[in-house]
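Heads up: the sequence lines are chains B and F, in that order. Plus 1 on top of the position in the first sequence (first one is 1) and you've got this note's numbering. Plus 829 on top of the position in the second sequence (first one is 1) and you've got this note's numbering.
Keep in mind that the hints are not guaranteed to be accurate.
Stated by the list, open to error - Going by beta-carbon spacing under 7 Å, a handful of chain F positions derived as facing chain B: (1) ALA883; (2) THR1010; (3) MET1101.
What the hints assert, rightly or not - Between beta-carbon pairs, the in silico distance windows are: (4) GLY1046(F) / GLU183(B): 52 to 58 Å; (5) GLU183(B) / ALA1164(F): 25 to 31 Å; (6) PRO1019(F) / ASN3(B): 26 to 32 Å; (7) ASP152(B) / ARG982(F): 42 to 48 Å.
What the hints assert, rightly or not - Pulled from the structure, derived: some chain B residues nowhere near chain F, Cβ distances all over 10 Å: (8) THR15; (9) VAL42; (10) GLN47; (11) LYS74; (12) PHE92; (13) THR94; (14) SER206; (15) ARG230.
No lab work stands behind these hints: they were computed from the structure. Note that beta-carbon positions come from the ideal geometry of N, C-alpha and C, so glycine has one too.
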Amino acid sequence: MNIVIVDDEAPARTRLRELLADIPDCTVTGEAGNGRDALTVWERVQPDVMLLDIRMPVMDGLETARHLAALDKPPAVIFTTAYDEFAVAAFDTHAIAYLLKPVRREKLAEALAHAGQLNRVQLARLGTQTAQPRRHLCARLGERLQVVAVDQVQCFIAEQKYVNVYHSGGALLIDEPLKELEQEFAGRFLRVHRNALVALPYIESLDKDGEGRFSLRLRGHSEPVEVSRRLVAEVRERLRGGH
Amino acid sequence: MNGERASDPDSFLPDFCSAPVVLVVVLMAELTAFVLVIARHLPDEGAPLWLDLASISLFLQWIALSSAAVLCLARKFLVRVPQRYAGGVCYVLLLAVTAILSELAYRISDYSGIGNALLPASHAGFVIRNLIVCAIISALMLRYFYIQHQWKRNVQREASARIEALQARIRPHFLFNSMNTIAALIRGKPELAERAVEDLSDLFRASLSEGAHVTLGEELALARQYVEIETLRLGERLRVNWRVDALPTDARLPRLTLQPLLENAIYHGIEMLDQGGVVDIEGELDGDTLQLAIRNPLPPQHAPQRHGNRMALDNVRQRLELAWPGRAGIEIADAPQSYCVRLRLPYERGAP
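Model the full structure from these sequences, guided by the hints.
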């Protein structure tokens, strides 16, 4: 069984590595110090099991699990935590595997024996209880994962079935409805058109062309984003409110 | 101050519908009757003292019970009135009850001849005298209820402050993470594990200690031990810049004032940064005021402060307020990328 250990604390990783060394048929094939690095490690080694710490910088364990669950062949996930009342209560409710630190060897062995993939339903339920917008978006290109921080995203432009995510480092394509993105990131993104959400902090100006059509100029984004006529008033309102 | 209910603990007025309060009112009225009768009769006089006491008691109890009844009925209204006016409204009600009943008593007495001997010649004089007595007694009584309420509230506050202090000091997150670190160190670096256990013991001994105050020197030593434990766990991510040499180590301050603030800085700042960062601790003595600032960097998308943080802060603030009412304080500067807590407290030398 190939296992990847994800924890931001070096001693915590050491301890899990030592415990796993004592359990037969287990190989640690990778380690990561945060969720974002964990996704990179997943690409490289595609482990059977990921041990995910909950509280981590950059990307926490819960968000990492959400990105993993969207994969075609997601690994089994076991969460680890020193203390997190809310998450633990939620895990108990939805029969999601977790271990309390310091982890006991027997419990670890038992959890590995029963480790299963997290399904989207479980995670969706978990999402409503520990609801926090994701801090990253993740796009799949075959076996490759592209991760972009939400605060780097300038706008979402829907195109038929997919959504184009334009960010400071380029663009990527994700398979999520614009409506759901709008709900999840309501504080940061504003609907300006049937097919467009715009990041408020990136808005530079609202312009009007000769034919009375409105568009937004975004910092770092060359193409102006069209604003639909009926949403102009709301966009003005939000801009005046200093977002 | 809206949405106050009938059982509002904020209201200093007791429930005049309840038996114990009515008993207090009756007792106060009867004591007043004694005072009035004794004041009028010298002990060696053979005047009909008991008869006098009976009629004055009757009259005073009549007023007292009616007042209690009026305040009982008015309670629904009184709890909706802002606190500072409620006392005044009560006072006016009490005076009104006295005026009306005095007027009634005078007329009944005048008409029927009962207790005629006690009545002064002047109608207005009788009512005015009663009003003055009522004004004094009511003021004393309201003041008594007010002070009793304040006292009860202070007792409750102190009790809850103590409980919160205990909860704020022993953070489960810190305890279990430290235990995990120690478990990890035991095999490979037993001497580090040993030191961590010693440091952790000192911290918990301090947090369970009864003594409310320590010297700044002791508090700083404890804070350094705390940082040692966290450094084992976070490694190079945690860097602490101590600039506290200008502080007098004999200054007195509440135990565990700095450590919870440092813990906040690490929990919300350093732990959430992939590359970690520097916690700045800076202190200076400005005249007879100690200034202490704890500054930490924040992750770019830091979530709004959770209640855990607030609890530790409120707790420290409360304890400073208890130690130096109005003379100590905490200020918070919450910038997008950094967070700073500033403490200000009077310099008092503690026991060495």
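Hint check:
1. ALA883: Violated - the Cβ of ALA883(F) stays beyond 7 Å from chain B, reaching only about 67 Å at its closest.
2. THR1010: OK, holds: THR1010(F) within 7 Å of chain B, min 5 Å.
3. MET1101: Result: holds, 5 Å to nearest chain B Cβ.
4. GLY1046(F) / GLU183(B): 52 to 58 Å: Holds, since GLY1046(F) and GLU183(B) (Cβ atoms, about 56 Å apart) stay within the stated range.
5. GLU183(B) / ALA1164(F): 25 to 31 Å: The hint (25 to 31 Å, Cβ to Cβ) holds, given that GLU183(B) and ALA1164(F) are roughly 29 Å apart.
6. PRO1019(F) / ASN3(B): 26 to 32 Å: holds (31 Å)
7. ASP152(B) / ARG982(F): 42 to 48 Å: With a Cβ separation near 46 Å, ASP152(B) and ARG982(F) satisfy 42 to 48 Å, so the hint holds.
8. THR15: violated (5 Å)
9. VAL42: Answer for VAL42(B): holds, closest chain F Cβ roughly 15 Å.
10. GLN47: Its Cβ never comes within 10 Å of chain F, the nearest being 24 Å, so this holds.
11. LYS74: holds (28 Å)
12. PHE92: holds (16 Å)
13. THR94: Holds, since 20 Å exceeds 10 Å.
14. SER206: holds (23 Å)
15. ARG230: Holds, since 33 Å exceeds 10 Å.
When the structure is compared with the earlier hints, violations turn up for hints 1 and 8 and for no others.
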